[in-house]
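There are 4 protein chains.
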Amino acid sequence: MTAFNCDYAEGAHEKLLKALMDTNLVQTPGYGEDAYCYAAAEQIKKICGAPDADVHFLVGGTQANLTVISAALRPHQGVISAGCGHISVHETGAIEATGHKVLTLPTLDGKITAAQVKAVYESHIRDSSYEHMVKPGMVYISNPTEYGAIYEKEELTALSQTCRECGLYLYLDGARLGYGLTASGNTLDLLTIAALCDVFYIGGTKCGALCGEAVVITNPVLKPDFRYLIKQKGGMLAKGRLLGIQFLELLRDDLYFQICSHANQMALMLKEGFVRKGWELYVDSVTNQQFPIIPNEILTKIEAEHTFSHIMSFSGDRSVVRFCTSWATAEPDVREFLKDMKEW
Amino acid sequence: MTAFNCDYAEGAHEKLLKALMDTNLVQTPGYGEDAYCYAAAEQIKKICGAPDADVHFLVGGTQANLTVISAALRPHQGVISAGCGHISVHETGAIEATGHKVLTLPTLDGKITAAQVKAVYESHIRDSSYEHMVKPGMVYISNPTEYGAIYEKEELTALSQTCRECGLYLYLDGARLGYGLTASGNTLDLLTIAALCDVFYIGGTKCGALCGEAVVITNPVLKPDFRYLIKQKGGMLAKGRLLGIQFLELLRDDLYFQICSHANQMALMLKEGFVRKGWELYVDSVTNQQFPIIPNEILTKIEAEHTFSHIMSFSGDRSVVRFCTSWATAEPDVREFLKDMKEW
Amino acid sequence: MTAFNCDYAEGAHEKLLKALMDTNLVQTPGYGEDAYCYAAAEQIKKICGAPDADVHFLVGGTQANLTVISAALRPHQGVISAGCGHISVHETGAIEATGHKVLTLPTLDGKITAAQVKAVYESHIRDSSYEHMVKPGMVYISNPTEYGAIYEKEELTALSQTCRECGLYLYLDGARLGYGLTASGNTLDLLTIAALCDVFYIGGTKCGALCGEAVVITNPVLKPDFRYLIKQKGGMLAKGRLLGIQFLELLRDDLYFQICSHANQMALMLKEGFVRKGWELYVDSVTNQQFPIIPNEILTKIEAEHTFSHIMSFSGDRSVVRFCTSWATAEPDVREFLKDMKEW
Amino acid sequence: MTAFNCDYAEGAHEKLLKALMDTNLVQTPGYGEDAYCYAAAEQIKKICGAPDADVHFLVGGTQANLTVISAALRPHQGVISAGCGHISVHETGAIEATGHKVLTLPTLDGKITAAQVKAVYESHIRDSSYEHMVKPGMVYISNPTEYGAIYEKEELTALSQTCRECGLYLYLDGARLGYGLTASGNTLDLLTIAALCDVFYIGGTKCGALCGEAVVITNPVLKPDFRYLIKQKGGMLAKGRLLGIQFLELLRDDLYFQICSHANQMALMLKEGFVRKGWELYVDSVTNQQFPIIPNEILTKIEAEHTFSHIMSFSGDRSVVRFCTSWATAEPDVREFLKDMKEW
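These protein sequence lines are chains A, B, C and D, in that order.
The numbering of the first sequence is the numbering used here, which starts it at 1 and goes up by one.
The numbering of the second sequence is the numbering used here, which starts it at 1 and goes up by one.
The numbering of the third sequence is the numbering used here, which starts it at 1 and goes up by one.
The numbering of the fourth sequence is the numbering used here, which starts it at 1 and goes up by one.
Please keep in mind that the hints were generated in silico from the structure rather than gathered at the bench.
Heads up, some of the hints might be wrong.
All copies of an identical chain are treated as equivalent in the list; a pair is satisfied when it fits inside any one copy or across any two copies.
[Unchecked claim] In silico SDA-like pairs for lysine to any residue, Cα to Cα no more than 25 Å straight-line: (1) K45 / T107; (2) K15 / Q43; (3) K301 / F226; (4) K153 / T307; (5) K18 / H310; (6) K118 / D225; (7) K339 / V26; (8) K277 / V89; (9) K118 / F226; (10) K45 / F314; (11) K18 / A35; (12) K339 / E33; (13) K46 / K223; (14) K118 / M312; (15) K118 / M1; (16) K339 / V320; (17) K15 / A115; (18) K223 / M269; (19) K153 / A195; (20) K118 / S313; (21) K15 / S129.
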């Protein structure tokens with residue numbers, strides 16, 4: 001039985017665990033002010049071409065999102081997001097709990113456009129009761145999106161330009177950034193992201209670490225006192241080294257990109273299998289999450305032997321489901337699954 | 001020039017001002033614990049047939065909404081509302097600022113149905129990541145709605161029943177309740193509302209008072225410590241008598257219903273005029289707000305002499321606009337407007 | 001029986017009520033954008049010598065405090081206050097409800113010093129775990145204080161200078177400002193306050209209005225988008241004119257200062273009576289609140305005929321109590337009280 | 001050079017790391033719903049004698065505190081704490097950021113008494129403006145306290161009884177619980193704590209784990225929907241197993257208590273050295289934190305070779321400092337330090 005339901009079913013890449021072992025007895029200052037965190041931050045600034053950026057390590061994605069967004073916005077401001085954005089749907093109202101509305105835009109694959117952002121902004125400005133409405137202050141995007149889609153460089157450039165014209169911060173949630181940057185057809189890289197966004201994070205938890213996300217702040221306005229916010233929101237680990245050590249290893253010799261690329265390849269094998277089988281894809285994802293539309297009676301058979309995630313019911317007694325691969329997904333297990341598939 | 005843009009363009013009905021004058025030098029305890037507030041509360045309990053209800057006077061509608069909702073919900077719960085609900089669109093994120101998400105339902109006229117509520121609730125229960133999603137805790141409706149529509153008794157009964165089955169509080173925003181209860185075709189009354197809702201408010205500000213809304217809590221679970229919440233949220237007037245005295249007058253000899261009924265009649269005269277003119281109505285409102293769809297070039301002419309509210313652009317170079325009447329709208333002014341209309 | 005328990009036992013000065021009557025049928029825009037509010041704001045800017053200030057009318061003191069403070073601070077910042085400060089003790093945690101800690105300083109009469117503020121600020125800076133502690137962002141003072149004391153010009157100047165050195169906003173709560181500025185020995189005036197504070201408010205509710213406080217923002221950093229915050233926190237009245245009209249009258253021909261001066265005189269008559277009687281004063285107040293320390297057995301006699309506020313128990317079977325006068329306190333009633341006093 | 005500044009200078013006990021290694025490739029469900037978390041929870045319920053308790057694993061202490069407290073309180077309620085309590089001083093206002101005031105009590109060693117709690121509660125009830133004040137809803141204590149002191153069984157029993165009489169929840173922060181329960185003279189155990197408190201947590205981060213705290217909820221009222229709150233506040237790890245696996249190891253063969261006992265012994269060796277040297281102790285701690293008062297000139301010499309924490313300046317050119325031991329403190333290093341001490 002192989003779990004394809006998520007990309008956090010296993011522990012961490014073994015090199016990360018080994019590094020934790022090797023450094024275990026070294027005494028360090030707490031709260032992320034240790035040499036490992038500093039070195040990892042330097043490395044991240046280097047590969048982002050952003051020597052002046054601030055880098056902070058937070059424990060998880062919801063934590064990163066709520067800390068970044070509440071640090072950036074004034075009380076009357078809201079954050080624009082895709083309707084299916086993680087902050088809008090799957091964080092139990094974490095953003096609202098910090099006082100801010102999530103202003104949603106319709107989308108199929110989780111991507112939003114510069115034109116949509118512009119329209120929201122302008123409708124706010126033009127409305128005679130604008131002071132009675134939440135003021136847009138930030139745009140939140142995820143890359144890849146919750147549906148595995150990736151932004152083109154042109155799309156991100158347009159979003160960035162619109163945000164700057166409208167005085168909106170652009171924040172990119174990179175929970176699965178490694179999968180996006182190593183996807184077939186990807187036109188983005190860290191330097192471009194660092195140049196176009198005001199703040200973003202490089203995801204660790206879903207890309208091979210036990211936990212941890214690296215928040216990169218490039219806009220100087222957003223830098224002051226960020227560590228206060230991390231502490232207040234409960235995201236500052238006493239043993240901050242746990243995150244620094246892992247990121248140091250992930251970034252050594254491009255391990256991060258290698259393992260994400262591997263997961264993408266495993267996902268594409270699954271995708272080809274689905275297509276061969278004649279199943280439609282809800283979204284044409286090029287990353288480690290795949291969204292086939294599968295007849296319910298077949299799903300019953302699959303789930304006897306494998307796990308996947310149910311996304312939504314679909315017409316014709318079918319369902320959109322999610323199959324996910326990770327750094328740990330073994331090619332033989334995928335082949336086995338594909339073989340089984342033929343019988344369903 | 002007559003203002004039709006809102007129902008709060010004038011001061012208060014003169015009987016209310018007179019009562020303020022007459023009682024001015026009487027010394028009373030502060031913070032709503034005076035004899036006027038107590039008497040007004042008793043009167044409200046009586047006409048609602050709810051002797052055990054708690055009645056509190058708050059200064060305005062947003063204040064009432066944010067206090068009631070944040071008093072009732074636990075931090076992870078949200079409130080279900082029409083997409084065009086006042087709390088969703090026109091309170092600058094007041095509800096989110098208290099930590100709670102507004103879960104919106106699509107609607108044309110501002111009314112939501114029991115079936116919609118049931119569907120949201122069930123989708124929450126069924127979803128495998130339900131703990132990652134905001135839990136519905138309350139249903140917010142307004143009667144009349146932001147588009148002037150009113151709930152049928154059957155509709156409210158069905159909503160109430162669904163809420164009770166699902167463990168959701170039902171809250172009715174009655175900012176314009178007087179207009180709803182005196183509308184042609186209305187099937188609701190205060191007794192029914194008090195019996196079907198867990199909490200609601202009888203609006204004063206938009207129905208002839210200088211300010212003030214009377215929150216009526218019928219569900220005993222929602223009663224404890226409500227005054228702490230009023231104070232914390234800034235809604236407890238030192239001179240609480242200002243609200244009690246006004247409500248006492250509004251409720252004396254049915255003044256409240258008389259003045260609202262008058263406003264409805266004035267609105268219906270406008271409505272007939274719009275229809276006669278061949279202008280479509282965005283919503284078929286029976287209350288004091290009317291929403292004609294008017295060619296933009298004509299709007300330019302109207303606004304030279306009268307005020308109204310722009311709601312949204314519409315196809316064919318037309319716009320949906322709002323015309324509003326109040327207790328103070330004079331029939332000669334309406335007739336004058338209707339006469340002018342012929343020339344446009 | 002005369003109530004001396006507070007300065008909000010009556011309605012409003014009759015000139016204010018009359019103005020409400022006289023303007024009642026004039027149609028105005030809502031939400032504080034009417035000609036009365038604009039004129040009152042202009043008048044306030046003029047008497048404050050602050051032509052560039054922003055003036056906003058809010059409904060009450062707690063509302064003003066929570067809106068100003070939450071508008072000014074970032075989430076990790078707190079506000080420094082006297083331990084007996086209104087925001088610290090008597091607003092049901094309104095400031096904390098917006099997410100901010102109140103950092104308290106010990107004081108007897110409610111006044112805090114520049115040296116105390118400096119010490120708090122420096123201890124924060126020096127502490128090695130400063131990021132684990134709330135960062136001071138604002139200083140809150142009230143003038144007169146909750147114990148009727150007033151700041152000397154030199155004291156306020158020193159506070160202001162320290163705040164500017166430390167990057168702290170200085171906010172003055174003027175709920176009873178009129179009493180302070182007309183007190184015997186007062187060295188402050190509106191121009192000085194406007195020059196030394198970043199934001200302050202001129203209290204209406206406790207100085208002769210039905211309700212209403214005029215927030216004056218002189219620091220340009222604090223101005224943007226303040227109306228959004230008023231709306232979000234529930235402090236924006238639909239009929240904002242209610243506040244503008246009252247302030248216009250209060251400021252006409254110095255009515256505000258005349259009625260406050262009258263109240264002070266009445267309070268000083270009471271004070272002399274207390275002293276003559278041999279009762280100690282908890283604080284040597286020069287404003288409309290007096291704090292005698294009275295034997296409990298005598299209090300029992302007093303409260304049979306008059307109301308006052310119990311503040312705290314004191315040694316020797318005595319209690320600190322508060323006697324308060326207002327614009328409406330009549331000299332004959334005070335004389336009557338003083339005559340009665342002789343028998344106790 | 002040995003670091004004595006904190007108990008989180010190293011990684012985790014090697015058995016925990018080994019268990020992470022051994023289980024690394026096992027696929028599990030996410031978000032704390034894996035077999036390791038379940039088994040660890042069962043083990044905790046067993047050693048607490050609380051089969052009906054709910055056990056949740058959170059990532060750190062601030063996270064645990066803010067989640068527990070905000071889950072338990074209504075918006076107008078506050079939490080009573082020692083003035084030096086962690087939630088009051090060293091969590092950057094995390095509790096206030098969730099909307100709740102921390103009501104502080106004076107204390108020298110961090111312990112508060114039943115009598116103090118009773119007094120706060122009664123003063124709230126008696127005060128005529130009680131609705132204008134934050135209502136106490138919970139009592140927060142830490143054991144050991146921030147100054148290393150431990151509660152006697154009688155003291156905790158009295159606190160618990162008072163809390164139940166007053167309708168206050170009792171919450172024990174056990175960030176260093178292992179050190180307290182293995183301290184010389186300790187009279188508490190897990191069964192007693194589980195019986196007397198409504199909710200408490202067993203600290204992992206400061207007792208040998210990489211991170212993680214086990215929240216134990218015994219009061220049924222506090223159980224519902226707690227996982228929603230964990231998620232909302234950002235404390236729910238996707239790879240929740242990281243916490244379950246570590247706690248399983250900590251609880252195997254009493255490892256948790258052994259390593260904490262060891263740290264206490266190391267701390268007592270330091271304490272004896274300080275006393276021998278003639279240095280006063282600020283608090284007579286029996287746990288792994290020691291607070292000697294040391295002349296500043298000697299501190300300068302010590303810090304050339306060792307780290308410790310500065311707590312506060314003291315009279316006579318001395319300072320209160322903190323020396324801390326952990327599971328990893330080696331006896332030879334302590335002996336070396338004691339030998340060095342003789343020369344200072």
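For each hint, the structure was consulted:
no., hint, verdict
1, K45 / T107, "neither (32 Å within a copy, 46 Å between copies)"
2, K15 / Q43, "within (17 Å within a copy, 31 Å between copies)"
3, K301 / F226, "neither (49 Å within a copy, 34 Å between copies)"
4, K153 / T307, "neither (34 Å within a copy, 47 Å between copies)"
5, K18 / H310, "neither (35 Å within a copy, 34 Å between copies)"
6, K118 / D225, "between (30 Å within a copy, 20 Å between copies)"
7, K339 / V26, "between (48 Å within a copy, 23 Å between copies)"
8, K277 / V89, "neither (31 Å within a copy, 46 Å between copies)"
9, K118 / F226, "between (28 Å within a copy, 24 Å between copies)"
10, K45 / F314, "neither (44 Å within a copy, 43 Å between copies)"
11, K18 / A35, "both (18 Å within a copy, 24 Å between copies)"
12, K339 / E33, "neither (50 Å within a copy, 30 Å between copies)"
13, K46 / K223, "within (18 Å within a copy, 39 Å between copies)"
14, K118 / M312, "between (30 Å within a copy, 17 Å between copies)"
15, K118 / M1, "neither (47 Å within a copy, 37 Å between copies)"
16, K339 / V320, "within (21 Å within a copy, 59 Å between copies)"
17, K15 / A115, "neither (44 Å within a copy, 53 Å between copies)"
18, K223 / M269, "neither (42 Å within a copy, 44 Å between copies)"
19, K153 / A195, "within (11 Å within a copy, 51 Å between copies)"
20, K118 / S313, "between (33 Å within a copy, 17 Å between copies)"
21, K15 / S129, "neither (56 Å within a copy, 31 Å between copies)"
Checked against the numbered hints listed earlier, the structure breaks hints 1, 3, 4, 5, 8, 10, 12, 15, 17, 18, 21; every other hint is satisfied.
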